[in-house]
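Those sequence lines, one after another, are chains A and B.
According to the working numbering, numbering within the first sequence proceeds without interruption in unit steps and concludes at 176.
According to the working numbering, numbering within the second sequence proceeds without interruption in unit steps and concludes at 435.
FYI, nobody ran anything at the bench for these hints, they're computed from the structure.
A few of these clues could be false.
List time: in silico DSSO-like cross-link candidates among lysine-lysine, alpha-carbon distance up to 30 Å [what the hints assert, rightly or not]:
no., chain 1, residue 1, chain 2, residue 2
1, B, Lys431, B, Lys401
2, A, Lys84, B, Lys129
3, B, Lys324, B, Lys352
4, B, Lys352, B, Lys154
5, A, Lys43, B, Lys394
6, B, Lys352, A, Lys90
7, A, Lys70, B, Lys394
8, A, Lys70, B, Lys352
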Amino acid sequence: MTAKQISVFLENKPGQLVELAKTLNQNNIDMRALSLADTKDFGIVRLIVDDPYKTACVLKEAGYISSITPVLAIEIPDEPGSLMQVLSLLGENGLNLEYTYAFTARKKDCAYMILRMADNDKAVEVLNKNGVRLICQSDLSALFED
Amino acid sequence: MSNYYQPEIECASREQIRAWQDERLVKTVRRVYDNVAYYRRLMEEKGVTPDDIKSVDDLHKLPFLTKDDLRDAYPYGLVAAPLHDCVRIQSTSGTTGRRVVAFYTQHDLDLWEDCCARAIVAAGGTKDDVVHVCYGYGLFTGGPGLNGGSHKVGSLTLPMSSGNTDRQIQFMCDLGSTILCCTPSYAAYLAESICERGLRDKIKLKAGIFGAEAWSEEMRQDIQNKLGIKAYDIYGLTEISGPGVSFECGEQTGMHINEDHFIAEIIDPATGEVLPDGEKGELVFTSITKEAFPLLRYRTRDICVLSHEKCSCGRTHVKMTKPMGRSDDMLIVKGVNVFPSQIETVLLNKGYPANYQIVVSRENNSDKLEVMVEMTPEMFSDSVSEVGAREKELVGALKAMLGIYAIVKLVAPKSITRSEGKAVRVIDKRNLY
Numbered sequence: 031m032t033a034k035q036i037s038v039f040l041e042n043k044p045g046q047l048v049e050l051a052k053t054l055n056q057n058n059i060d061m062r063a064l065s066l067a068d069t070k071d072f073g074i075v076r077l078i079v080d081d082p083y084k085t086a087c088v089l090k091e092a093g094y095i096s097s098i099t100p101v102l103a104i105e106i107p108d109e110p111g112s113l114m115q116v117l118s119l120l121g122e123n124g125l126n127l128e129y130t131y132a133f134t135a136r137k138k139d140c141a142y143m144i145l146r147m148a149d150n151d152k153a154v155e156v157l158n159k160n161g162v163r164l165i166c167q168s169d170l171s172a173l174f175e176d
Numbered sequence: 003m004s005n006y007y008q009p010e011i012e013c014a015s016r017e018q019i020r021a022w023q024d025e026r027l028v029k030t031v032r033r034v035y036d037n038v039a040y041y042r043r044l045m046e047e048k049g050v051t052p053d054d055i056k057s058v059d060d061l062h063k064l065p066f067l068t069k070d071d072l073r074d075a076y077p078y079g080l081v082a083a084p085l086h087d088c089v090r091i092q093s094t095s096g097t098t099g100r101r102v103v104a105f106y107t108q109h110d111l112d113l114w115e116d117c118c119a120r121a122i123v124a125a126g127g128t129k130d131d132v133v134h135v136c137y138g139y140g141l142f143t144g145g146p147g148l149n150g151g152s153h154k155v156g157s158l159t160l161p162m163s164s165g166n167t168d169r170q171i172q173f174m175c176d177l178g179s180t181i182l183c184c185t186p187s188y189a190a191y192l193a194e195s196i197c198e199r200g201l202r203d204k205i206k207l208k209a210g211i212f213g214a215e216a217w218s219e220e221m222r223q224d225i226q227n228k229l230g231i232k233a234y235d236i237y238g239l240t241e242i243s244g245p246g247v248s249f250e251c252g253e254q255t256g257m258h259i260n261e262d263h264f265i266a267e268i269i270d271p272a273t274g275e276v277l278p279d280g281e282k283g284e285l286v287f288t289s290i291t292k293e294a295f296p297l298l299r300y301r302t303r304d305i306c307v308l309s310h311e312k313c314s315c316g317r318t319h320v321k322m323t324k325p326m327g328r329s330d331d332m333l334i335v336k337g338v339n340v341f342p343s344q345i346e347t348v349l350l351n352k353g354y355p356a357n358y359q360i361v362v363s364r365e366n367n368s369d370k371l372e373v374m375v376e377m378t379p380e381m382f383s384d385s386v387s388e389v390g391a392r393e394k395e396l397v398g399a400l401k402a403m404l405g406i407y408a409i410v411k412l413v414a415p416k417s418i419t420r421s422e423g424k425a426v427r428v429i430d431k432r433n434l435y
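If we strip away everything but chain A, and leave its shape as in the complex, we get:
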């Protein structure tokens, strides 16, 4: 029940991100979401793409250091308060969120959240029990098609 996020190591200096974007572009990789965590020296780019395995191969070929990280993806109503509800659930159950980012797709009235949890399994259990719609990688990939 997880999505396959691509995490890429980049040095924190000018031109690094554009190089990565070029590589993805040359290989026709479609990005749905991007989030960048940075420190003084380096950054970690997190990507949701149409084909994570192809992307991993492409990046390896191009000399990048990257990994496939299992994250949770949820679909929530695109309206005020819906994120708060999900976060409250996690908090009330003592689940630690390491990072999160959001995106929308063509599907009307829906928003998507990527959640990186300290304990994915437990989070899945809690979210499922409370009727939060979790989507898996094939659902995510399908978002690229319509």
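Using the hints, position chain B against chain A.
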């Protein structure tokens, strides 16, 4: 005008110096041959016996000694006096792999401290001075050497050791320090801090004795102007005793080598051939008065020039220039000896590839050591804090190995510059030499 601690020695005639050297060299060679198996073997390998060494003219017949020999013979292999006569150990920067441990009898400490006393008096030190020593104390020779020298002179000695700049400046103001002893980069930092705080009028410094690392003439001018002092250079190495092997006089045109204790030669580092006066080459020392740890023809790896030209200060001992470079890959960072191989060892131990680059720079007169390490798939994690923790762990391991703080930078794979396929390991941006 000039001040001497031991005028009869410091201003002795060249004939007298030569006579001392001849006699002491012959005795030392005989003694190490008889007492130290390691020397005996080296000499036998070269086909030399003590009978072949009749004067300084025969010095070139003796084998060289290198840091590798010191490592091979570690810890007791080169000690020439009974251990029960030894009273002190000093060591270079506490690093493994290349550790040098030197032994001293009371006699050896005395002569070392005499050498430091000569440097302090040459810088104008007297019984009325307050000598502020902020070289590190402990295994490092800087603190103990100048401390002992200051005692010999009879100056009031402040054993401050390194660090805690606030306290350094406060003591300097409160106790009226007149002579400052530390590394030139720390002196420059102190100078800046004192000026920033508007305390220039509150300090009574008149001179500084700065050594243990390379510094430029511009840096000297900067320190002199900011502190209103005269800045003297001092040179030494633990293997030979410590600071005070040579020191500057008021002329500030080179450092007088204490030739009654140490014979200096300049050699071609590639061939080992002795070069004539005035030529640039590697400095080699033979200590001729030490009991516990006398070294014969020890290769310092420092490149410099010797000059026998008469000095206006009245001292007759030969002068050496500041070191102009190294004949090996050793770096001196913040006064501490750093070998790239030490950094490599740490990286390999921690599971990193030996793909690294060392960048040394100087910011605000203070040395900065950066180690660029190429990221590997094994080391990578999606979590910033995990990568940060790995970086921190590496910093800790480097500190333990080198004794100084190094900044670790994780860089992209294959991003470290390679020239003709060979990685450039060290970039020194300081332009020291």
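| Hint numbers contradicted by this structure | 2, 3 and 4
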